[in-house]
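*Asks:* These protein sequence lines are chains A and B, in that order.
Residue numbers for the first sequence follow the numbering used here, beginning at 1 and rising by one.
Residue numbers for the second sequence follow the numbering used here, beginning at 1001 and rising by one.
Hints were generated in silico from the structure; no laboratory data involved.
It should be emphasised that the depicted structure is a prediction, and the values quoted were computed from it without experimental measurement.
Glycine residues also receive a C-beta, built at the ideal position from the N, C-alpha and C atoms.
The reader is advised that the hints may include incorrect statements.
Covered by chain A, per the in silico footprint, the following chain B stretches (three or more residues, Cβ under 8 Å) [claimed, not checked]:
1) 1094-1108
2) 1128-1140
3) 1244-1251
4) 1314-1328
5) 1352-1363
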Amino acid sequence: MYERYHIETSPAKLSSTQIGKFTIIRHEEECLNCGQCISQCIYDVHKRDSNDSRKMAEPVSNLCKNCFSCIQNCPQQALEMVKNKEFEDLGNTYWTPQFIHTIWNEAEEGKIPVYGAGYRGPFKGSGFDKIWTDMSEIVRPTRDGIHGREYIATSVDLGRKLPWIPDFERLNLPNSYEIQIPMLFDTSPLGLNLKSIILAITRAAHQLGTFAFLNIENYFEELKPYLKSIALRCPLDKIKHIDSIPWREVNFIEVVLPEKYLISELEQAIRNLKNQNETALISLGLTGPCLSEEIFKQVQHARVDVLNFYADNYGKSFEGNLFICDALRKLRHDFVKRNMRDEITIIGKGGIAAAEHVPKSIICGADAVVLDLSLLAAMGCQVCKVCQIENCPAELEKLVPETASQRIINMICAWRDQLLEILSAMGIRDVRRLRGELGRAIFYDEIEKESFEFIFFENSLFK
Amino acid sequence: MKSIEIRNCESRFRSKIGKYRVTLTDKCFHCGLCVEICPYGVFERAEGFNFVSMPNSAHCEGPDCIEGPYHCTAKCPVEAIKIEIDPQWKTLGDFRWTPDLIITTWKQAETGEIPQDNLEYKIGASGGGFDNFDFKIDHPNTIPSDEIDKIRTSICLNRRSEGPAIEIPVPWYGAGMSFGSISLSSMLARAASAKAWETFTSTGEGGYPDELIPYSNHVITQIATGLFGVQEETIKRARIIEFKYAQGAKPGLGGHLLGDKNTQAVAKKRETVPWTSLFSPFPFHSVYSVEDHKKHIDWVKTINPEALISVKVSTPSDVDMVAVGSYYAGANIINLDGGYGGTGAAPEIAKKNIAMPIEYAITKVHRFLLDEGVRDEIVLMASGGIRTAYDIAKSIALGADGVIMGTSELVALGCVRCGNCESGRGCPRGIATTDSELEEQIDPSWGAQRIINLYSAWQKQLKLLLYQLGLEDIKELRGRTDLLRSTDEK
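The shape of chain B in the complex, shown without the other chains (with noise of 0.2 Å):
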């Protein structure tokens, strides 16, 4: 595998969000000593003046500064300086996506490295799943360079005798999101990291725009029940094709586009009247039976005997016997995507109340899967709500092969989850809109190198966790639920 370039990368706003509020009060004399002593640059003078600029709060560490704690404020002579948990820190996040979280996936993708800061990086504040266990490492260290390279992160996408073999270095690749749902500029950056890190993007379901032809082998598209924008071309033009059946957050109740975001593009690409809303209807009508689901299979693979099919189901309580229905169908990857996935429009009482949580769904199916004897036939991916590198390790461990991801790289690419998706011209921030103006806020060669980064950063935290565990290979991790412990046994 060619060398992946990693750069540092700035956030696009003007000023970050940090942890701390640091203010210079009026005592403030500007004499200067608080440039000199912040280890993280948090107080500046520009050249030829005078005055300190105001501070750059984002990177104070407050109470965890090296130097020891609240170190400045006891050094100026003046007690001038002024640090405080930042109030908007606290307005930012939830229960899942804690302000922590989002604020190292930020830094994650400015830097590419694991956050050295005391932010909370690996776990959210949800109380269940995956933010209910760890993993069983009493004393963590640090890995050695030379056994850096000796760790590998790779899985296989088929593990059929037929069909080609596709591998891809990182256990995960990018989730179905339209044309539609979010802007052209975002689907070029996450289709360009994808295609940088040798794994894959999908097109989701609003059809497969032409400026994704030249990252095609790193392109899933999708056949959803809508049919929006699939023809004969797109799906010869892919490596894996998946039929989606349902979608987490909104489990048995089809998509839904708003009017205001079907712009006259979007409607081109998914052939129907702009500006009206459109649904993509819950179940496939053709499909009702595993014959009828390997059927449509057969159908593709008649147009395209190369690609791979991954079938994307949610996670009902029979969810193990949908998965095994689609192996017998004839499908390479099963992606399972759990209740609390994301989504660009939902109501919200489907994203909380139906289907269960991904964490369960991959331990039953898992199991089924290994009492029926097919479990190394199949790949099984899961998504819906793995948001860090350690929700990847985990899914593994509880019997994933590896997983899909989807809103973290959103939020490398300046999300903050305000959940506004899909209102009028939708997000504010440029990432899910169609609108031309709001879409300009991304360059897709910036957002890349973010996603990039990203990727980077938590393929270092799994070489480390592996190697921490004593294994060799990410795959030696699949379904080792005995190295995971409850957090409250601690």
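Chain A with its partners taken away, still in its complex shape (with noise of 0.2 Å):
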């Protein structure tokens, strides 16, 4: 029977990520517990004290919503409003306050950022934050709205797909897999080869039907009930005894490609991976500069099914340190113009921080991306400046394994249904479709130079 995907979500919170945007501070000297900040406030943030009720409890500033009508009615300004350093000081300039507190209240609730009032950010940044992506104005009869987006799909095949079938009569079609997102998750983000961080994220992704990328040496027994959902990694000069257990099991096998090597070495490799697997998806890991020709050669030579390409924590690769999505965009137009786009699956590593930077990297060529720090943040990491597991504010080390996959298993459910909203949008019901969909795009650099390069012809940007 037709079965619809559904992702299962349930509260879970946690008390380390309960960090507000803005402190109320009670000024107790001025303050003449009148009360009348608690008939102002609609948030419940300012009480009478339990034990003695002549007297005002210290405000809950993380109940606080920002609206200032306490503040602009305190008849002594005995109450005041300051941003909360803790919150501030979360992440980095890339992982913003923004970015991990939004993943984490999707964590929580599993629900999409929904607020009144128009946009509040700059009007374009760097890397994703020079896409918007189009809509339709007119759509097909073929969907409806918020009833209609049940009927979208946002599965993608991972594997290589024929460029034609050249015989009939012995049908031998390459493997592929199906997973419900796309998106596929890492177990070591920040390199944090932790037990339970690695047992969390391995279960959502079983959970949810994708592949969480897993180091060979990271393997244990309690893993071997997910290993369908594996996408095991190991360095191309460290593939050995892969006549073991999760070798000969799992469906997806990464090989990362080191900085030198001979081609004839990794078609070794994949040879002999794939007489011990011959169902497994063979991926190649890019970590360095990647020359195309290269690539190419082994493409079609090794019978490569997934190019994997990665990116630093800040979307930067390594190659030429192009963003991430102007990597991915480079990647596909040298498939493209070789006619060799659909012989390969591209998947990118690195930066994704938003719901918003899966459906970009799509357009930008991307069949799907892979996941790694907003897993941790989903799971609370707060991207401290540096990472020190002893003194880890998420207390990560004494993470529960269920509350974490639920977690995470919440913020992929509000990506999704965001990602639903940007092909509805769009009128597109299947995101295979919007893979390299650079024309459903509008890229800042293109149409700042369209629209305005008359008035600022003078400007920098367009000499």
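Using the hints, build the complex out of the two chains.
*Replies:* Here it is, written out as structure tokens:
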């Protein structure tokens, strides 16, 4: 029977993520304890002291929604709102406090962030923030606003496709696996190799019907039930003992390319892998600068199924320091030029920090993306400037895997729903059709030039 | 046009938020010198009192004081006055609506005058679009009083040869905000100010409350995809009917009124069940082509042959085609609603990412209509992220005939842009709510005066700007991109 893909969310609260944007300060020397603020606040920030009802209790700042009503109505000007330093200190310039906070909320409830009033951010930014996605004013009757969203497909196929079928008599199609969301997971974000984190991420991947990348040295017994959802990752020069259990049972193996290697060495390794496990997809992990010509040769000769393009946590790739979406565009372009784009799956990893980065990466040419640090943030990570697991404010070491998996599942549900919003605005019913649709995006540099070149022709941007 | 009464209209809150915080420390012995020397009335001593009252910090101009920076702190015999940037000021606003823009909009709503202090009232801090350019005026000057009356700011809302000619004295009217998304008292305030200024306001898609009937000559009614409260008599009542295809803040997604805000009264008006969530789907399922669109317009024209038709669309990359299609379908006004526009509730992902900002869309559509040779038969109204008088002027210089203002009217009513319009009982400040208790915070006549004042301040700025640019009529400004320059070039 046809079963509709559905993600089961359930609230999963963490005490470490209850950090509000603002702090309400009550100056005790001025406060008359008149209680005016109680009647002004509809969010229960202000309450009377439970021990002594003549006094006001300290304001509960993280319930505050920044409406200023109590402040502007206090007869004594005894209340004050200031920015919460703890919030401002979250993350860094790329993983902004806003991104982290949004992920926390998504992970807690599994809901799309919805607010009133218009957009508040800068007009444009760098990287993903240079792209707007398109919409369709009049669309065909195949979809129906909110109710039609259930029929939009978010699944993608991983694997190689034949350009044509050479021999119908001996039909030998390459393996491919369908994942229900265009997102794969990495179990070692920030290079952390904690068992609890690995387990939480792998379980979430298993439940969601996608793959989680696992470094081979991190494999442990408890992961056995989830082998079919594991993408085993190993550097080319460390591939050995490939007849052991994980190697034989998984459906996805990634060979990470070192900076220097021989093609024959790679071909040999892939042949060996295929001998041990003929159903697994073989992926090439491109972590360094990737010379396109070489890659094309390998894709053709070694019969690789997937290319995984690595960028760092800030989205910077090692390919000419390009930002991940620009690098994906380049890679896509090179494959399209050779009429080979459909013969390979391209995925990208690094710098995917918000729901909108998923469709934007896909528009730039990826089939799917790999999430890393965002999964950690879902588990409560504050993306500190220096990661010291022993002083972790989110206490990741003491993580309860059940809560952690649920939080990842919640976040993915929210991200998938937001992907559906983007797709439905465009009138697209299948995320596979979004891949490489550069015409359905609006790029800042292009439109700025098109619209304002005649105004600012002296401006440096257009010189 | 009859004269409009500008009256000082104070904030409805006990204390105002300003940029500076003034405190009197314990050293103060209440000599009262500061009360005498402060030009802004920051310090007061109530009659019969020995003590100087708590300072009115919001009036303080800080280092920009006309008497010289920190003039009071220096003169105070015991150095008891402390002036600093109010940390609260930093918590207000955002990139698009900076604290300065919010506070100056409040001030304009209060006084009806161009802000005279040193806060930035023209431009935001978003680093792009409107905030990236200004007008080529190298020697700003003031406008001689006999020149003021010569400068015209009116625009006509029908440029076709058939149909009624409707002229509004200012190049803007109020945006669609439904009953349900905002309170009835806010709607009444907006309608009364539209009537005073002889311009328009719009009911949005939540039906046409009877309380607005006295203002019906200045009320646009909307037909949106949900068709909430659309009745023959409401269509007959309006001089302008607006088809809402999409909204800039949630392009291609449709609307959603959460159950908590759908009270008995709202549900009655919308002809729905109270306390249920209401979806306004996307798109119009009866419109899949220009021909279908024309059929819709014909249907309205059959009911009300005298009405002008406005079409509200958001800004996809083919917005130029949509605009020209609307023209051929018979629309009088095309309303482009840009991606950064306001809303009562929308997914954050949509506001930030879907569809282009209005600045690009105006340019694109204006040029396309020019090339098509129909530019002078249709009125191009822009909305979505237009905040100040200068944004209005910039939109027109880019090619719009006029603009539609929404959020700034709400700011005049006391909005701080906290963004909680959608949750629970709605707006804690009584604007975007349907909660009877919260709604009481707004007195419609007070609200009307605030918006009237804001309009007046905007018109003064437009007139001054036109004078400085050497123009006499706002219509001459349309498409004059040569008068714009990048802010980097200054």
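*Asks:* Given as covered by chain A, does the stretch 1128-1140 of chain B meet the bar of three residues or more with CB within less than 8 Å?
*Replies:* Three-residue rule met by the stretch 1128-1140 of chain B, so holds; n is 5.
*Asks:* How does the coverage statement for the stretch 1244-1251 of chain B fare against chain A, requiring three or more residues with Cβ below 8 Å from a Cβ of that chain?
*Replies:* Three-residue rule met by the stretch 1244-1251 of chain B, so holds; n is 4.
*Asks:* When I compare C-beta atoms, does the stretch 1314-1328 of chain B have three or more residues closer than 8 Å to chain A?
*Replies:* Holds, because 6 residues of the stretch 1314-1328 of chain B bring their Cβ atoms closer than 8 Å to Cβ atoms of chain A.
*Asks:* Count the residues of the stretch 1352-1363 of chain B whose CB lies closer than 8 Å to any CB of chain A, then report whether that count reaches three.
*Replies:* Contact hint for the stretch 1352-1363 of chain B vs chain A: holds, 9 residues under 8 Å.
*Asks:* With a Cβ-Cβ cutoff of 8 Å, does the stretch 1094-1108 of chain B contain at least three residues near chain A?
*Replies:* It holds, with 4 qualifying residues against the three required.
Consistency with the previously given hints is maintained throughout, with no hint failing.
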